[in-house]
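Since the structure of chain P is provided, determine the placement of chains Z and H on it from the hints.
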Amino acid sequence: MTELKHYFAPTSLDQAVECLKDGDVTILAGGTDLTPQSQAGRIRIKRTLMNIRHIPQLSGITLEGREIRIGTLATITEIMEHPLVRQHLPVLVEACNHFASDQIRNAATLGGNICNASPAGDTLIPLLLLDARVELASMPEAKLYRHSMPLATFFVGPGKTRRSLCELLTCVRIPLPGEGHVAHFHKLGTRPALDISTISIGIGGTLREGVLTNVRVAFGAGGTGARGAEARCRHHRQGRRHRPRRGRTDRRRARHRLVSQGNDP
Amino acid sequence: MSLKHDIEFTLNGVKRQASVDVTMNTLAMLRDVIGLTGTKYGCGEGECGACTIQVDGVSLNSCLMFAVDCDGRELTTIEGLANDSKADALREAFVEHGAVQCGFCTPGMIMQADHLLHKHPHADAECVKRGIEGNLCRCTGYKKIVDAIVAAEDGQRTAP
Amino acid sequence: MSVSEKKTRIIEPDSLIGKRIPKMDAPEKASGRTRYIHDINLSGQLYGKILRSGRIHALIKSIDTSAARALPGVHVVITAADIPDQRPIGVARDHFPLKVGRVRSQRDEIAAVAAESEEIAEAALKLIKVVYEDLPVISDPEDAIKPGAALIHPEPHGADGTHLHLKQGTSIAHRGKADNIAMRFDYAHGDVVKGEAESDVVIEDTFRLHYVTHCCMGVSGMIAEFDASGNLLMYSNTQVPFLHKREFAEYLNMDPARIRIIQPPIGGGFGSKLDIYPFEIICLFLARAAKRPVKMLFTREEEFLASPTRQPVLLTLRSGCKKDGTLTFRQVHTLHDNGAYTSWGATTPFVMMQTFSSLYRVPHCDYHTAAVYTNNPYAGSFRGYGNLQATFAIEQHMDMMAEAIGMDSLEFRLKNAQDSGETTGQGMVFKSCGFKDCINTAAQRSDYSRKFKENEANRGKPGNIKHGIGMASMLHVGGGAKIYPSDGCGTILKMDDFANVTLITGASEIGQGSETVLSQLVCEELGLPISAITVVNNDTAITPWDVGVHASRTTFIAGNSAIGAAKKAKAKILAVAAKKYDAAEADLDLRGGFVIKAASGEVVVELSKLLRNLHFQDKAELVMTTFYYEPPSVHQGKDFKGDVSAAYAWASQVVEVEVDTDTGMVRMTKITGAHDVGRVLNRLGIEGQIEGGMVMGQGYALTEDLMIVDGVMRNPNFRDYKLVTAPEIPEMDIAFIESMDGEGPQGAKGVGEAPSICIAAAAANAIRNATGVRMFELPFTPEKVYRALHGQTPKRYWKPWKAE
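Protein sequences, first through last, are from chains P, Z and H.
Mapped onto this note's numbering, the consecutive letters of the first sequence carry residue numbers 1 to 265.
Mapped onto this note's numbering, the consecutive letters of the second sequence carry residue numbers 1 to 160.
Mapped onto this note's numbering, the consecutive letters of the third sequence carry residue numbers 1 to 804.
Worth flagging that the hints you see were computed from the coordinates, not collected in a lab.
Just so you know, even glycine gets a beta-carbon here, dropped at the ideal spot from N, CA and C.
Watch out, some of these pointers could steer you wrong.
To be verified - Quick look at which bits of chain Z chain P covers, simulated, 3 or more residues with Cβ under 8 Å:
id : region
1  : 42-51
2  : 64-74
3  : 143-150
Next up, chain P with everything else stripped away, as it sits in the complex (with noise of 0.2 Å):
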């Protein structure tokens, strides 16, 4: 049973962040979430059901200046399908061909994989590595407020974010990579994308000559969250392997065995 007593779909920026004032607002992005936890009683829904998919400027991947924004409704086919991704991003591309199923991925969107905060959430760990900035409006008087903060402050633990309950995440900012940047996502699974992660883990960092440095570590499930370090790590390179995929081109990778905080499932 909800104590839903409003269905509002904005079609502003503004008209969203004028409802989420009284906080009592769940809001409804890609909804496969939503759906199915609220259907099963794990999450009820607040007085207010706010769908922010007719809001414009949620939308989108942009270059722009040396940062790609990605807009929080983007969902997780738009982003791994996306040329700017794939050109700058491979490590995101990388998460996002191990989400789930197809049909989830055609549907779940950015900011909602971002807001559940799941240690199992498996574009958060690339998200981490590459540094991503989130935005947040609000409007606590009368206009339209924004702010970022780093993606690493903004989870706080599994589950949890900084995001208070009057505010919208609008888009991710990610910095274009130097170079000399490398990065992998690693699941640990039987199948290539349907289970939800028991152990995901990413790692990232300038290589140059042979040497790897500024090395960021995420760990995402099988950790205590999706956190980033910098990483002292203990890592010896097993060389670069060849791993040809059908039908794919060559890629290469480095190879790392790293001090694992895994917890057996």
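Chains Z and H alone, transformed into the frame defined by chain P:
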């Protein structure tokens, strides 16, 4: 009493209206409000793909979509695809290749396969297997389903 | 036109047998038009929902349904108290549909509601208040047999506190039991003591088989309606409509003649619909009380919780052989977790003893088993029915014994594989037998011997990916199984004025393609295209009796029944044609829709024309025939011996795996199967059955694990119960051995269950080949394999135990 909302959308090419419970999912709307039972309930959690439909040109699980979110959108269900001659080759391939046993997963499979072939008209077996990874089947072991989808792309599919 | 100018038309011979024939219902299913039980709605119907226990083992102190009854839209709320003459169900009659006095497992049914909508029914359930008093939970069958263990079905107490020992013949549900033994079986042939004395090698190991469940894509459901005269109409997905008709009548205290069961197309069976379940009786109670049709459907979670599982088995096998490779004896003890109530899981020993006694030549065999009550979910019948569990143990021992005597494992198997003409210790008479052909074919096609040696040699080499190859074979009934008074099937056949056939058969279609195979057999007999036939098979008011879809019997028995009726029709047609066209019956035949001269293929008359002439003449006649086929098998004696099936079938499967020793992940890369099917009827259909069965076996071996902890099901959903998905399937190479069974329809034997049976055993052998480590417990998840590879899994031994 539960909150209702009126929506207007296009279903299988026909514009229509519906009055739906705001908390209802699209699968329940299709089956119980509109009365189209071709789309199946398999799990209600997006894990089995039996409820797959197409919305604005992409496939998704109708059990994971709020009915109110259909407002202003274009939906295609298996009933709509059954009347679409471009999908004939796919349907015939399923029949000819023995890809149907109990048939319960079949509508969802075909909806997903149709979408997959639109995006990847020359999908090979590996691409098809990844493409239907969100559709469970307990009867066939998937092999003939994959064969059918690969064969269909050789049929009379036209480019989107 | 003069006689000499008249052109004679020749019809060339053709056959439907062995062809790839698409399933007749496939076009409807591919269009989403097929109406499954979920899609059927009767006007005026109410929706039924069941309140399930909130406890695992507890006394029911009180149930207050007043608030539920008062909810607008609720028509009926029932508990056991409302049905004082409730009768217990199940083979042991230990199971009240609505629980009386206590709950014994998580899925126990406490109360039920019929309401205007599903939503209202669910809301009503939440308003029912139940007070429980918890009892200790028994979640391990080994605990259930310890002296002093709490009883799951204790004998009732009288008012003065003493035990009431009710008389034998009263059901267990009423009189309880003095112990937790639900059922036991003892079997022997030969003398295992002698067998052991003759052995040069004796090995003994414990194997543990886990819980898995059917996961039919269509959830369970039923619609029940009593008409104005009290006749009952049920829409049910039962696989045994005639048996159920009789049983429902008993449970409702009705005349079976007043019960009609209609079977809508089913969303998967696999043996899950062979027993009567509480929800079905409860749905009938609701319909009777509400005087309205009641539709009851499970949610997927309920489907996990309340469907029967595969029988979990704890098994200790002691096997012996001589150093020349001859098998000497098998001694087996098994413990079956019966769960809280008895269903067909408890009777899996019937099939297991067939495997223990007769898979390979075994002169001496001894098998003791007990099914014991616990507070876990109960097991039912599931494709393969105990044979997977037995084969898992036997086929690992075959590899182990071969290694112990230094014999090649293939040679060892061939030495002990039976031939046609042999009779086993259990009394099975092998007529058509392709066992050795299966082994050789699977081995050759997979290059088994070479790969086996190569993989062994690679074990110690560097690299984390190891390849393995393993083999296992299976024996299963292929010509029905005479476990019921009759193992037969009836057919009614009629032909219309246009030479179209209607085949009315008692055999149900459960997605396996029986409808198409039966059509093929009849059209082959009558020389008609497959488009000329309609099959009616889903209404007990119309179709003749069939015992049901189980034991892989339908093609064989319903097939022979259909052919019998078709042969009679053909004989009548040819007799009429012979008379009319002045020919000898023996010189005529039916082909391509015509009556022809058998020798030349020359057309005599179009069949439809002949039939119209027959109909519209002075002595009008139609072609209508019937046939009841009872297979020439026998009932087993009290010692479980006898030739229980009219034919037996074999399969050998070679499984190839890739083991990542860093992570424990096992990938099944290829399955090569050789199946003795007697004869291939519908090539498309049989391939589909085998591929599906192989992948089901893959799930059993690698990915599926229904986790029950302290009686609680931890993963009743697809997110955490892992069915095999499309990207995970192996390459499948399937060969058919056509041993042409003399009794089988066109020589065919049953195959429905065969393909799942040996996969886990072959996978175990493959993992051993790859890594040197042998896995005795299922499933082979990465965690389990990793631990085994690192020596972290103590080898468990279960001391053989026999119920006294």
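Outcome of the hint check:
1. 42-51: holds (count 5)
2. 64-74: holds (count 7)
3. 143-150: It is violated, with 0 qualifying residues against the three required.
Hint violations for this structure: number 3 only, all remaining hints satisfied.
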